[in-house]
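**Student:** Here the protein sequences line up with chains Z and C, keeping their order.
Residue numbering for the first sequence follows my numbering, beginning at 1 and increasing consecutively.
Residue numbering for the second sequence follows my numbering, beginning at 1 and increasing consecutively.
In case anyone wonders, no lab produced these hints; they're calculated from the structure.
Every value quoted in this text rests on a predicted model; they were computed, and no experiment measured them.
Any given hint could be a false lead.
[As the list claims (entries may be wrong)] Quick list of in silico lysine-lysine cross-link-like pairs, DSSO-like style, CA-CA up to 27 Å: (1) Z/Lys329 with Z/Lys310; (2) C/Lys344 with Z/Lys99; (3) C/Lys344 with Z/Lys24; (4) Z/Lys210 with C/Lys80; (5) Z/Lys310 with Z/Lys328; (6) Z/Lys12 with C/Lys210; (7) Z/Lys99 with Z/Lys38; (8) C/Lys22 with C/Lys268; (9) Z/Lys92 with C/Lys12; (10) C/Lys43 with Z/Lys92; (11) C/Lys314 with C/Lys344; (12) C/Lys24 with Z/Lys344; (13) C/Lys80 with Z/Lys344; (14) C/Lys329 with Z/Lys210; (15) Z/Lys268 with Z/Lys22; (16) C/Lys210 with C/Lys282; (17) Z/Lys43 with Z/Lys80; (18) Z/Lys310 with Z/Lys268; (19) Z/Lys332 with Z/Lys268; (20) C/Lys92 with Z/Lys210; (21) Z/Lys344 with C/Lys92; (22) C/Lys328 with C/Lys314; (23) C/Lys58 with C/Lys24; (24) C/Lys358 with C/Lys329; (25) C/Lys268 with C/Lys43; (26) Z/Lys344 with C/Lys99; (27) C/Lys22 with C/Lys92; (28) Z/Lys12 with Z/Lys38; (29) Z/Lys80 with C/Lys344; (30) C/Lys210 with Z/Lys99; (31) C/Lys99 with Z/Lys358; (32) Z/Lys302 with Z/Lys332; (33) C/Lys358 with Z/Lys99.
Protein chains: 2
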Amino acid sequence: MTGESTHEHTHKEQRRQYTFNKLKAFGQEIIEDIEKNKVPTLKIPSRGTGNIVYDEDKRYYILGDRYGRRSLGNVKQIRKLGQMVYVANFCKDLVQRDKTATIREMYYISEGWGIEFNTQQESNIVGEDLEVALGATREDLGLMPEEDGASVYGDITLLDGDYEINAARAGKSGYTISPTIDQVELLDCGADFLLAVETMGMFHRLVQEKAHERYNCLIVGLKGQAARATRRFIKRVNEELGLPVYICNDGDPWGFHIAQVIISGSAKLAHVNHDLATPDAKFIGVTASDIQNYDLPTDPLKDIDVLRLKELSKDPRYQTDFWQTEIKKMLKLGKKAEQQSFSKYGLEYVVDTYFPEKLGLN
Amino acid sequence: MTGESTHEHTHKEQRRQYTFNKLKAFGQEIIEDIEKNKVPTLKIPSRGTGNIVYDEDKRYYILGDRYGRRSLGNVKQIRKLGQMVYVANFCKDLVQRDKTATIREMYYISEGWGIEFNTQQESNIVGEDLEVALGATREDLGLMPEEDGASVYGDITLLDGDYEINAARAGKSGYTISPTIDQVELLDCGADFLLAVETMGMFHRLVQEKAHERYNCLIVGLKGQAARATRRFIKRVNEELGLPVYICNDGDPWGFHIAQVIISGSAKLAHVNHDLATPDAKFIGVTASDIQNYDLPTDPLKDIDVLRLKELSKDPRYQTDFWQTEIKKMLKLGKKAEQQSFSKYGLEYVVDTYFPEKLGLN
Numbered sequence: 001m002t003g004e005s006t007h008e009h010t011h012k013e014q015r016r017q018y019t020f021n022k023l024k025a026f027g028q029e030i031i032e033d034i035e036k037n038k039v040p041t042l043k044i045p046s047r048g049t050g051n052i053v054y055d056e057d058k059r060y061y062i063l064g065d066r067y068g069r070r071s072l073g074n075v076k077q078i079r080k081l082g083q084m085v086y087v088a089n090f091c092k093d094l095v096q097r098d099k100t101a102t103i104r105e106m107y108y109i110s111e112g113w114g115i116e117f118n119t120q121q122e123s124n125i126v127g128e129d130l131e132v133a134l135g136a137t138r139e140d141l142g143l144m145p146e147e148d149g150a151s152v153y154g155d156i157t158l159l160d161g162d163y164e165i166n167a168a169r170a171g172k173s174g175y176t177i178s179p180t181i182d183q184v185e186l187l188d189c190g191a192d193f194l195l196a197v198e199t200m201g202m203f204h205r206l207v208q209e210k211a212h213e214r215y216n217c218l219i220v221g222l223k224g225q226a227a228r229a230t231r232r233f234i235k236r237v238n239e240e241l242g243l244p245v246y247i248c249n250d251g252d253p254w255g256f257h258i259a260q261v262i263i264s265g266s267a268k269l270a271h272v273n274h275d276l277a278t279p280d281a282k283f284i285g286v287t288a289s290d291i292q293n294y295d296l297p298t299d300p301l302k303d304i305d306v307l308r309l310k311e312l313s314k315d316p317r318y319q320t321d322f323w324q325t326e327i328k329k330m331l332k333l334g335k336k337a338e339q340q341s342f343s344k345y346g347l348e349y350v351v352d353t354y355f356p357e358k359l360g361l362n
Numbered sequence: 001m002t003g004e005s006t007h008e009h010t011h012k013e014q015r016r017q018y019t020f021n022k023l024k025a026f027g028q029e030i031i032e033d034i035e036k037n038k039v040p041t042l043k044i045p046s047r048g049t050g051n052i053v054y055d056e057d058k059r060y061y062i063l064g065d066r067y068g069r070r071s072l073g074n075v076k077q078i079r080k081l082g083q084m085v086y087v088a089n090f091c092k093d094l095v096q097r098d099k100t101a102t103i104r105e106m107y108y109i110s111e112g113w114g115i116e117f118n119t120q121q122e123s124n125i126v127g128e129d130l131e132v133a134l135g136a137t138r139e140d141l142g143l144m145p146e147e148d149g150a151s152v153y154g155d156i157t158l159l160d161g162d163y164e165i166n167a168a169r170a171g172k173s174g175y176t177i178s179p180t181i182d183q184v185e186l187l188d189c190g191a192d193f194l195l196a197v198e199t200m201g202m203f204h205r206l207v208q209e210k211a212h213e214r215y216n217c218l219i220v221g222l223k224g225q226a227a228r229a230t231r232r233f234i235k236r237v238n239e240e241l242g243l244p245v246y247i248c249n250d251g252d253p254w255g256f257h258i259a260q261v262i263i264s265g266s267a268k269l270a271h272v273n274h275d276l277a278t279p280d281a282k283f284i285g286v287t288a289s290d291i292q293n294y295d296l297p298t299d300p301l302k303d304i305d306v307l308r309l310k311e312l313s314k315d316p317r318y319q320t321d322f323w324q325t326e327i328k329k330m331l332k333l334g335k336k337a338e339q340q341s342f343s344k345y346g347l348e349y350v351v352d353t354y355f356p357e358k359l360g361l362n
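Just chain Z, with the same shape it has in the complex (with noise of 0.2 Å):
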């Protein structure tokens, strides 16, 4: 598909060549040690919690300065360490060909290479062993997730490909995020903000309301918990075209969640959270306020909301005073709503009413 077009795409042939000389570096290293006789060893970034810091001035997860030593030398490391360079061989071949492969298949794949993957779990760490040695993301290296990305509705035009897709007239759906988004460039986008919601229920009601036109918006419905597609997604549109991001989700500790983690990223993926967070990003509601003062339709909190209220307010990422505020105030109210409840007054109230308030345009 991109075969043909390659002179085009500087950016994605740069970040390509990039990765590929990565890879063949890391196996002249080994190579290079084999030489001079002497024993193999890689140096990689510990991946430990002890090692996993919120960096308060780039406002997300990052990995701190250890290191550890896996060398063909320890009868222990050795198997571990063959498989890094199968996984690298497997990967240099992927990026040379232009193409991905999913973690399950590179998992398949890995029965004919004599020091094969017992479980899935396995090949996932090797995964993330070589993400974080290399300093590329897995998507770098062609291995991909199983599952597409949000989809997106609204003014913007992306080259996925060869052909160019505006997502205002890509179906009633949008444009789905695949897996590959670093591949697609951003051309043109005529919209004045992003605006992401959790569930594809309220994304539809957006886009009927014509919220699009309404606002000068992108909609994005994330499916729940945001793919790493969608975190990179939101991360380049906010970036490289310079649009503030507004994520609106349910209101419950959950909710909460799916927005923090693309604002300041995972601490599970701190070794790419620069390449993930989007620290600018907004968080606008539902909060515990929104239920009061809008009078919503509730659940009570259920034990393990409150549970996970609770780990949330000890979180570096939720120290701000609006954080601390409204977590104590829903463990006061002892409720929680969805976004969906607002059409307790009526299906257009939400794009009427409720986002034009908390976006702050009337």
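With chain Z fixed as given, assemble chain C onto it according to the hints.
**Tutor:** Positioned in the frame of chain Z, the structure of chain C alone reads:
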């Protein structure tokens, strides 16, 4: 989105008018009863298991002849009937304004009705009652599920709202079937058949290997159990465009049944299967025979898999020689296999060898 161009959408407009008249007649019947001093009574086809019949000629489940009566003279039925009238009125408004609502939105809107629903479950049942009573689908009534349908890739041109979309030019993840797929016109199609696969991992493999060009087919990524909109789309492609449909899922009871529900419909939705089932669609694997013939990597059947396979073997939809043989063989093997396990032979094997063999393209 559609208001401006309704004159072109004759099929859609006719369907809308038809549903609107049905909803109006539903209310008028009740009014007439009252004006004649009769207690309003509704005759509703029974959806009990005793009235769900597998029709050998139609090759899908239908509702039998049994009816139930709901009377406003029966204290136990007043609440449910009242809710039904409210839902019908709500739907009449939706259809009139050419809008849709999620069943979740309707649940919240019912707060203002005085006889609101206590649970989402309760409102779902009333919605289904109305479907059965009117012989219309929930989508015709403007009530939509939350989730989107499958992804489609390949040479089919659709009219969705005001825009023509070709599913080979809508991005790597293709065109997403929205819940309002019945408002979309199938304008043109250059493909010879439709090939549906269970996972987006396999969908992306097929797209990447250009299977749509090599086989001249549409590729559909089902994303697990097919949504109603997906089933409706597949049926329309089969009937309106005359394209054969092939389904290739994982080699386990769940993969089998995802295919079978597309082919023969589900018992639960017997009242709308005439709009959803595609009896001529064919399942083309992964089978127990494939596991043996291609020497695929497998997982052992779990207890729940064995139980499910035994259930399927007694199901009227699985009474062909093909299914009886394959189910028996899988039980004997004690193994199941995923579609992506073909990547044991390399990423391209499934497109170069397996599909052509199963489709008889060589």
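**Student:** Now tell me if each hint is right for this structure.
**Tutor:** Structure-based check of each hint:
no.	hint	in the structure
1	Z/Lys329 with Z/Lys310	holds, 12 Å
2	C/Lys344 with Z/Lys99	holds, 17 Å
3	C/Lys344 with Z/Lys24	holds, 25 Å
4	Z/Lys210 with C/Lys80	violated, 35 Å
5	Z/Lys310 with Z/Lys328	holds, 9 Å
6	Z/Lys12 with C/Lys210	holds, 21 Å
7	Z/Lys99 with Z/Lys38	violated, 34 Å
8	C/Lys22 with C/Lys268	holds, 23 Å
9	Z/Lys92 with C/Lys12	violated, 51 Å
10	C/Lys43 with Z/Lys92	violated, 67 Å
11	C/Lys314 with C/Lys344	violated, 34 Å
12	C/Lys24 with Z/Lys344	holds, 25 Å
13	C/Lys80 with Z/Lys344	holds, 20 Å
14	C/Lys329 with Z/Lys210	violated, 54 Å
15	Z/Lys268 with Z/Lys22	holds, 23 Å
16	C/Lys210 with C/Lys282	holds, 22 Å
17	Z/Lys43 with Z/Lys80	holds, 14 Å
18	Z/Lys310 with Z/Lys268	holds, 20 Å
19	Z/Lys332 with Z/Lys268	violated, 31 Å
20	C/Lys92 with Z/Lys210	holds, 22 Å
21	Z/Lys344 with C/Lys92	holds, 18 Å
22	C/Lys328 with C/Lys314	holds, 12 Å
23	C/Lys58 with C/Lys24	violated, 31 Å
24	C/Lys358 with C/Lys329	holds, 18 Å
25	C/Lys268 with C/Lys43	holds, 20 Å
26	Z/Lys344 with C/Lys99	holds, 17 Å
27	C/Lys22 with C/Lys92	holds, 9 Å
28	Z/Lys12 with Z/Lys38	violated, 37 Å
29	Z/Lys80 with C/Lys344	holds, 20 Å
30	C/Lys210 with Z/Lys99	holds, 12 Å
31	C/Lys99 with Z/Lys358	holds, 25 Å
32	Z/Lys302 with Z/Lys332	holds, 13 Å
33	C/Lys358 with Z/Lys99	holds, 25 Å
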